[in-house]
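2 protein chains.
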Amino acid sequence: MVDCGCESSLPRSTLARQGTSGTLKTTIPDIDTPALLIDLDRMEANLDRAASYAEAHGLSLRPHTKTHKSTLIGGMQLERGATGLTVAKVGEAEVMAGGPVPDLLVAYPVWGEGKWARLLDVAQTVPVTVALDNLEAATGLQRHARRVGVALRILVEADLGMRRCGLPPGESLIALATAIARMPPLRLEGVMFYPGHINLAAPDGEVALAKLATDLDSVLAGFKKNGLPTGVVSGGSTPTLYHSHRIPGLTEIRPGTYVFNDCTQVAMGACGWDDCAASILTTVVSTPRPNAVVIDGGSKTFTSDPLRPRGEATFGRVLELPGARFHKMNEEHGMIDLSKHDGPPARIGQRLRIVPNHVCVTVNMHERAHGIRGESVERSWPVEGRGKLQ
Amino acid sequence: MVDCGCESSLPRSTLARQGTSGTLKTTIPDIDTPALLIDLDRMEANLDRAASYAEAHGLSLRPHTKTHKSTLIGGMQLERGATGLTVAKVGEAEVMAGGPVPDLLVAYPVWGEGKWARLLDVAQTVPVTVALDNLEAATGLQRHARRVGVALRILVEADLGMRRCGLPPGESLIALATAIARMPPLRLEGVMFYPGHINLAAPDGEVALAKLATDLDSVLAGFKKNGLPTGVVSGGSTPTLYHSHRIPGLTEIRPGTYVFNDCTQVAMGACGWDDCAASILTTVVSTPRPNAVVIDGGSKTFTSDPLRPRGEATFGRVLELPGARFHKMNEEHGMIDLSKHDGPPARIGQRLRIVPNHVCVTVNMHERAHGIRGESVERSWPVEGRGKLQ
Numbered sequence: 001m002v003d004c005g006c007e008s009s010l011p012r013s014t015l016a017r018q019g020t021s022g023t024l025k026t027t028i029p030d031i032d033t034p035a036l037l038i039d040l041d042r043m044e045a046n047l048d049r050a051a052s053y054a055e056a057h058g059l060s061l062r063p064h065t066k067t068h069k070s071t072l073i074g075g076m077q078l079e080r081g082a083t084g085l086t087v088a089k090v091g092e093a094e095v096m097a098g099g100p101v102p103d104l105l106v107a108y109p110v111w112g113e114g115k116w117a118r119l120l121d122v123a124q125t126v127p128v129t130v131a132l133d134n135l136e137a138a139t140g141l142q143r144h145a146r147r148v149g150v151a152l153r154i155l156v157e158a159d160l161g162m163r164r165c166g167l168p169p170g171e172s173l174i175a176l177a178t179a180i181a182r183m184p185p186l187r188l189e190g191v192m193f194y195p196g197h198i199n200l201a202a203p204d205g206e207v208a209l210a211k212l213a214t215d216l217d218s219v220l221a222g223f224k225k226n227g228l229p230t231g232v233v234s235g236g237s238t239p240t241l242y243h244s245h246r247i248p249g250l251t252e253i254r255p256g257t258y259v260f261n262d263c264t265q266v267a268m269g270a271c272g273w274d275d276c277a278a279s280i281l282t283t284v285v286s287t288p289r290p291n292a293v294v295i296d297g298g299s300k301t302f303t304s305d306p307l308r309p310r311g312e313a314t315f316g317r318v319l320e321l322p323g324a325r326f327h328k329m330n331e332e333h334g335m336i337d338l339s340k341h342d343g344p345p346a347r348i349g350q351r352l353r354i355v356p357n358h359v360c361v362t363v364n365m366h367e368r369a370h371g372i373r374g375e376s377v378e379r380s381w382p383v384e385g386r387g388k389l390q
Numbered sequence: 001m002v003d004c005g006c007e008s009s010l011p012r013s014t015l016a017r018q019g020t021s022g023t024l025k026t027t028i029p030d031i032d033t034p035a036l037l038i039d040l041d042r043m044e045a046n047l048d049r050a051a052s053y054a055e056a057h058g059l060s061l062r063p064h065t066k067t068h069k070s071t072l073i074g075g076m077q078l079e080r081g082a083t084g085l086t087v088a089k090v091g092e093a094e095v096m097a098g099g100p101v102p103d104l105l106v107a108y109p110v111w112g113e114g115k116w117a118r119l120l121d122v123a124q125t126v127p128v129t130v131a132l133d134n135l136e137a138a139t140g141l142q143r144h145a146r147r148v149g150v151a152l153r154i155l156v157e158a159d160l161g162m163r164r165c166g167l168p169p170g171e172s173l174i175a176l177a178t179a180i181a182r183m184p185p186l187r188l189e190g191v192m193f194y195p196g197h198i199n200l201a202a203p204d205g206e207v208a209l210a211k212l213a214t215d216l217d218s219v220l221a222g223f224k225k226n227g228l229p230t231g232v233v234s235g236g237s238t239p240t241l242y243h244s245h246r247i248p249g250l251t252e253i254r255p256g257t258y259v260f261n262d263c264t265q266v267a268m269g270a271c272g273w274d275d276c277a278a279s280i281l282t283t284v285v286s287t288p289r290p291n292a293v294v295i296d297g298g299s300k301t302f303t304s305d306p307l308r309p310r311g312e313a314t315f316g317r318v319l320e321l322p323g324a325r326f327h328k329m330n331e332e333h334g335m336i337d338l339s340k341h342d343g344p345p346a347r348i349g350q351r352l353r354i355v356p357n358h359v360c361v362t363v364n365m366h367e368r369a370h371g372i373r374g375e376s377v378e379r380s381w382p383v384e385g386r387g388k389l390q
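Protein sequences, first through last, are from chains U and F.
Those letters in the first sequence? Residues 1 to 390, by the numbering used here.
Those letters in the second sequence? Residues 1 to 390, by the numbering used here.
Keep in mind the hints are simulated off the structure, nothing from the lab.
Some clues are possibly wrong.
The list treats identical chains as interchangeable, and a pair is accepted whether it falls inside one copy or across any two copies.
To be verified - No more than 25 angstroms apart at the CA atoms, straight line, and that leaves these computed lysine to aspartate or glutamate pairs for DMTMM-like: (1) K25 with E113; (2) K225 with D41; (3) K224 with D30; (4) K328 with E312; (5) K25 with E378.
Can you build the whole structure from these sequences, using the hints too?
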């Protein structure tokens, strides 16, 4: 039974049927396209596997909600033992604070009076940790934490090779941590890093992981030498998820993409095709030339994120048409080449399900997700964190 | 005076000020980031110029609303003489039908019972034309048009080199048009094409334009020979906008991007930097290494659309930092390299305005737009057509 009441994604015939009987099952053909489908069996298996791994290795699991953007799935992660949830933006923290979360990490150097005030509003309902790499953000957060009289936990962000945010191991990192340790009601808890640069399917993957472990070791030694806390050492991405126990000192992991997986995770060896729980349901709207198919979803549905790391220039895997190449997109048009597809030609009106290159940004394009088992649509839910840019 | 009441994009201090006085002017520093800014002077100049051009050349101007996705700006286009508006999706038609539009073109081969029913609902309030390239869609639309007793105007879509939707010039196109001309209450009005493949800044641009004119001529000759109507011949993109008079037989143009322009339009020679009306206001949240700046917007704010045609791998032009290279994005992080920037280093908290690569998809990531003149925020409006995938 669908719980969405979303007229724009279910044709009126279905709604009418439901309206009169209230019991008819919704199936995939009832969903209009393009639409985000989540295979619930696969998603639950992905959640279970990560939870078991974290428990077996004594790691706290704090999933990043950037992928599902939903309090419903956040709740499923918490039911399976996650100790809290991770977000990037204050707007996402506000969304997740509306769910059953006991504890939030904002893995982002939050900046600005408006955002600090909003974050401290959240921190009055749910304990909040912020990860940051600069004293300016810490000073602003301290001011607002004092104003409302709430303690705010802080992790300093180290750059262990990602070259995004974070200070490199060394004096500047220790100096920042030392300063923050003396800025009550901020409470320094430890270190955060993001190992997004590590691709264990690449030739240099193992070397990069070993270097990261060495660098983290030196950071933790510096913290201990300076009397700084190392109670929380938070790292972990989906590609490194099941290698987390190989990073000494790590206490917490923050995978996000593992909940659904995508073509990029398969290309990086982080999962198989059968672990990909998310697909976009599309319809063939034009077959203008031999072997050319146009579907009703393009960059507004999938985003134009390329296949990483440096894969073929395609935009997803077409489940129903082996060998098909989803090679080009405009905003509302997806162009699929069937010249290497063995099978009957596609027909107008045919439904095609496509596993996206990068599921996090694809989910962000959709207002609702439809959870399926086989052909049955078991439930639908809003993507509440969608588009929370601030 | 801001008319948005959007708490998430204006800090509470501003809202409080407005609440007590109701008269204080909002300025750019009052807007939280990331946020979509529209320079109203530039936008109005873009609208005026296209309207004057269309009038001078006796062309109907039917702007594609995919770029602004707003009934407010659609209204401004209509006030300046646009004969109607263009949309791609039924959901966009529903949005625009809520504005002052006299007439809508759905430039997309709409497919499916649910969408046909919704489109005919729209067609009962606003005259609708649909462009399509297949008999299957025409048959479905005919059935629904009969059901509600409304005439639906049809353009057949020709492929004049874009290789997306549309049938090539020749027998199949004539056969489709002939069939539709006998399918009341569908009413064939003429031909549509999209010249999105033409880049007049490229070496082969003029050749491609000449070929398109020749192909269109042969299509129109075929229509006339077969007694098919050519009252509407709809083409035109932003890059070809001011060359439309060079395409004999054209009666209508459908530019979209011209309202705001972007880095790609500049790269294609379709406009100058001073014609770019849209920018994303961002904040520097981290300066982790020398010459490295991280801003609070990445692919969730800009999308990862590359600079076309085949430009440098950058994601926008940083207005405040000449020479800066916006070279990498993750979802919430934008990475800017300052090694070729002459000037003081960026500081945490600094605001940077960035002209996006592809403004249509960037606008789609934002719930609201803020219209500015100089430093003043004159008005804000919802991006109502945002995310209307269906």
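Tell me, which hint numbers fail for this structure? Of the numbered hints given earlier, those the structure breaks are 2 and 3, listed in rising order.
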